[in-house]
Structures are given as C-alpha cells and as structure tokens.
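Protein chains in written order, with my numbering: chain A, 7 to 507; chain B, 18 to 247.
Think of the hints as simulated: they come from the structure by calculation, not from any bench.
Check the hints yourself; a few may be wrong.
Chain A regions said to be covered by chain B (calculated; three or more residues, Cβ under 8 angstroms) [claimed, not checked]: (1) 83-94; (2) 104-115; (3) 355-365.
Everything numeric in this text was worked out from a predicted model, so none of it was measured.
We treat Cβ as the ideally placed atom computed from N, Cα and C, and that holds for glycine.
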Amino acid sequence: MLLSAHSLTLGFGTSEPLLHEVDLDLQSGQRLMICGATGSGKTSLLMALSGVIPKITAPGHYAGTVTLDGEDIATIGADALFARVGYVAQAAEDQLWDLSVEDIIAFPLENRAVPRDEVRARIRFLMEHLELTELAGRRVLTLSGGERRMVVLAAALASRPRLLVLDEPTTGLDPAARQRLCRALEQAADDVSGVVISEQDPTHLASLTDTLVLISGGTLSRMQPLAPALEDAAQWRDAGLLAPCRSPARRAVPTPGKELLSVTGLRTRLTRASGKPVLDELNLSLKAGEVLGVIGRNGAGKTTLMKSLLGLIPVAAGEICLSGQPARDWTTARRARSIAYVPQSMRQILFHMTVAEEVAFARSMGRGTEETAAVLTRYGLEGQEETNPFALSSRQQGQLGLACAEASGAAIAIVDEPLLARDLAGRGLLETFLERMTSRGRAVMLISHDLELIDDVATRLVIVGEGHLPYDGSLAEGWTSTAFGALGWPAPAAKPRETAA
Amino acid sequence: MSRLQELNFFAKLGAAFALMIVAWLMPDWRWGLPFAALILLLLWVARVPKLGGYLKGAALLTLMVIISWMINLLLQGLAPVAALAVAAKMAARLVATTALFYFVMETSTPGAILAACSRARLPAVATLILSLLFGMIPMLRDEFERIADAQRARGMEIDDVSFLRKLRFALARGVPLLVQAIRTAHAISFSLTLYGFDLSRKRTTWRDVGLMVEPRMTWPERAAAPIRAD
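Using the sequences provided together with the hints, build the complete structure.
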C-alpha cells in the first residue's frame, strides 16, 4: 500500500472536528480524486495525506495515523518525507516567494545539495515537459495564476517524489491552461507511484484519475470509479457540489435599461513586446440589468480592460463614460463610486479592522443606504460584524466582497473570477448578488475562466482578444462564434447544467 | 541596467561598502555633499528603478537629520553656521550610505543573492538572511503600492488630498501590509520546509556564478517571452 490513513481525525479548535475517523487507502499506481464543497475539509485532508499536517502546520486536534509505504509519516523526518511527497497547495502563492522560475524549480534540489549539472538537467527536463521554457528567467510573482501553478508543480516533481498531492490545481485556470495542466499531469503521473487530487469540478481532470471519493460532513464516501459517478447528480448535490452533468439554466436576458458604461476607441499606453497597445480601438457598452460575461485567454487584456475602467492604468486614447458622463479624467477614487470592484483575492482591498467597518466604508463611498447587519446576513456573514476581515477564510472574504459591492450602491460591479461560485452554497450567494444588482437597475461585469459559470449567469458575452473585443453578443451565438472557435476551448453548451437553487 | 543586475551580489556589496567608507571619511560638508551628489548621479545614470521614490524618502531623511543635528548642536552652544556644517556633513554621509545600499537592493534579485551565497559556500543561515534582507524590502514596497491602488479602487481619494490626509491613508495601508508581510514570511517558511532547506547543509546552485551571475537558462530555439497583460 502506497498511502493509508487510519481513523484520521482533524480539528482546528471548533467543537466538531473537521474530519472524523477518516480511513483511506491508495494503492501504488492509483490516481484518486477527492471532491467536496468549500470548507468540507479537502485541503486539511490533503495536507494530512502529504504530511504538511503535522510536519509544517499543527492543527488543534490530530489523531489517527497516515502511512507512506507502510511507514508512519509522523516518524519520518521532514526533509526525507518531502523528498518522497510532492505537494501543490490550493493557493500556489503560499509556496512561492520572489525567485525566478528556474530558482523555484531548482530550490528542492539545491537545498539538498544536489550537484549543479544534475540540477540543471532536471530543470531543463521539467521546463521542457511542462512547456515552461517561455517563462525562463521570469520572476514568479510576475506570472499569471496558471503559470505560477505550473511552476509549483514542476518544483513538486523536481525531487522525483513517490506521491503527488495536488489541491484544486485547476483553480483560476483558463480552459487552455487546464488542458496544458492535464497533459503535464498525465506525463508527470507516469513518473510517480500515486496521485491524489482534490477538485470541486471533477470534469477538468477526469481523464487523469480513475477513482473518486466525495467528502462532506467530516467523512469520506466509499471509493468508487469516477466515470459512472459523474452521472449520479444526487450524490454531488448531497456533497454540496454542482453536479458535473446537470440541466441548463441560462439566465433570462433582460430588456436592457439605460446605458451605465460606454467605452469608445479605448487604447492603452501599456504595450506588448511588439510595441502594440494591449488594448486598441476597444468599444464596449454596459446597460442596466445586464450581467456581462468577459472571457479571454490569459494575457489577452481582461485585467488591463478592468484596470483601464477603474483608472488604475493610464489610457492613451478613447472615451470612457459612466452614466452618460465623461469619466476619462476622473480619479480612480471618483470612478470607484460608480464601479465597485470585487477581486479574486479580497485580501488585496481590505484595510479596516472589522467587517462592519469595511461595509460601512463601502457604503460611505457610494450611494448605499442599507443597514450593515442586513447586508452581512444576506451574504452569510451574520454575527461577523466585529471580526477582523483578515481573520475570515478566503471564502468568507469573497462573501464580504459581494456585501461591500452591494452596500456601495455603485451602478456597476466588476467581479473578477469569483471562486466562491464553485459549489452550491457559493453559487447561491453569487446568484443572490446578481439578482439584487440587476433588479435594481445596476449591472455586473463578470470576468471568469469558468465558462459554465458564465453560461449559467451572464446575459451577454464579450471575448477579449487581439487588443479589442472580437465578439460582443448573446451567449448562444458566442459559443459558436469564430472568435470563440479561435480560442480552441470546449464550449460549455457541450455539457448541460442546472442552477444552484 | 540588466548587466548591473547580473553582476555578482558580493561585487556590488563590496563596492557599496568601499564607497560608503569613503563617504564617511570625507573631512567636511564641502567634500561630503558633492560626493553624495555624485553617488546619486551614478544611480541616475545607471537607471536604478524607482529612483524618484527613493529621492523623496532621502530628501525627507536629510531634512530630519539636519533638523535633529541642528537642535542638538545649538543646545550644546555651537554657533548656527558651525552646527549647519556638521549637520550637512552627517546628512551627506547618510544619503551616500542609503543610496549605495538602495542600489545594491534594487539591482539584486533574491535568486541571484541565493546563487552568489551558495557558490561562495556560505552557511545556509547566512544565505537565507542576506536573501531575505535584500529581497523582502522591494517586495513589501511593491505590495504597499498595490494596496494603494486597492484603496483608490474602493473610492478612497488618496492623491488629490492634503498631506495630512495622505499620511493618514498611508498609515491605513499598514494593516494589510502587515498581513501581507506575515503571509510572505509564512510562504517563505513553508517553502523552506517543504523544499528541504536545512541550516546544517550548504546549498548548491543551478546558476553559473563568477563576476557575473547567469540570469536564466537558455534554449537556442526560444524566442523572447512576450509581456503578459493579465
């Protein structure tokens, strides 16, 4: 047996343990997928299976045993253990600091005093096989989320581990990056004895794994073959997850209201290596009641578009109007009273000492009037008024972002890759937010790589590419458009869905 | 600039120390001030990044040093002109010193420092301290700027306001900056353990290290990497 967990119980100071008496066995050569909703304990389980718990992080309560090749990991030294286990955290940033791509990949080998020629050969091999050669010399903190994840994967493979443990590796990746990751993992999996992957949507890596375990309520389901389990919608719902095979629930297209945002002939000062502006001659309109889905490859200019609208980067030409008023010369702060911004990582934009202060600040910056407690309750944060925002989980910070955006009363909200929408409860919160925004004459710009999410909740689609918007129109036509075809991504329509409700 | 970044960290550090000693040996302000100005000119010629920000900080520091020395010396009964001469000499030393180490910090990546230390077979603890010391400050400064952008994006007017309000808003950045600093420290500590860093073991390096430090691995067929907007 490659990996075993027996009566594993983990708790973090709460009355109920997060995982209770968990048993799990992984044979050599087996590839296991663990699926569960946010907060179900996936990350804690993976940390325990990889030895990160208890070797690096100590939980409040830890009982039971985890063995690797029959050896209790508690008795293996950290250095020896992590030479045998490759671990990629859900937040790849937690494993990175300001080093270059080659430095990160070489780090486990250099630290173990592997000779230089051997280190170089291994770096070359991994960068070539994981298609990372284009990133040579780049500092990892300047890379996109997907690129960072691939670099961390390469570092995890550097010391030729027996076991590879990956925590939601497809988070935030565009479909092309997911495909590349999948190919890389298929190659990598041939060199390791076992793979454990956690995910919320199992379809992304279905080709890589053969066995499934669902986690909910602190316990694991029985181990089952993955392919037939994908068809069983009930067990996914029971685990708090959106079923992989579900019926369509496209949002009704509203009658557009007044124009809230108008962008004409936008050209950025920021240029590409070729000297071409990242955005050029870009035109865009957003009307009241709309949920605009924004998609595009990594590096296509989605973030640049968002920053241009917010006034965070200078524009060279073009006009931006907010509710009919020219806003190009407005400061970022003035624009923010019309545009609420909800980034993927809320940590970036929190700076108050309590949750209530964050909401009150958002309200004071805009035209919102609703009581703080009512807004927080709507987004599942009741009783958290006095909590420090940085003490909230990432999921709760995402909920706070929605609460602040709604409380601000801003006419437009830009929501960048809402990761909380990947399970039933989170999807429900996002749908509440969208419903309340659009029903009150406001609009949302939703930037995401999750095409299923866009297809479910957006009322219009734009594709960012080649410096402008090669497609702007309905979702149904968008998925069959030439611009979407050029991306080479699978259309979400190929997979029926249902709503979170 | 890129050639300066590739210059071995210890060569830059040694040069900075040598010039700093010269700055401190200057007999009075008539020598000290031109020397400090020359150092700043060299930084400008070398196109050291974000020099404007450094100069603002240096100006503030100079002012504070001169004021504090003037008060101190005047209280001791020194004539104002003589007190100003001493204060100017001290300020010149300080500007030269901070400018030189700013140059080392801005032109040395943590990876290049790690490589230089590993090649020199320094103990792992010294390697770690030097990399963190010179690598963390630019990282935190960038984070400070990102937080300012976030404040702007949430409607906080931090540019078109009085100095006092600017200062207040800058202080408000302290909380997320502290959180980020802790997160960074955690990430570093986590990756050190996960990737087998051992204080009792001397590291190797993948880089070719001499007077210059190899900046990247090369593939003959590889084209220049494009700028990524997202």
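Discussion item. Taking 8 angstroms as the Cβ threshold, is the statement that the stretch 83-94 of chain A is covered by chain B upheld or broken by the three-residue rule?
Written reply: holds (count 5)
Fill in: chain B covers the stretch 104-115 of chain A, three or more CB atoms within 8 angstroms, holds or violated
Our answer is that it holds, as 9 residues pass the Cβ test (under 8 angstroms) against chain B, meeting three.
Worksheet entry | Cβ contact check, 8 angstroms cutoff: the stretch 355-365 of chain A against chain B, three residues minimum | holds (count 5)
Going down the numbered hints, you'll see the structure goes against none, and every one checks out.
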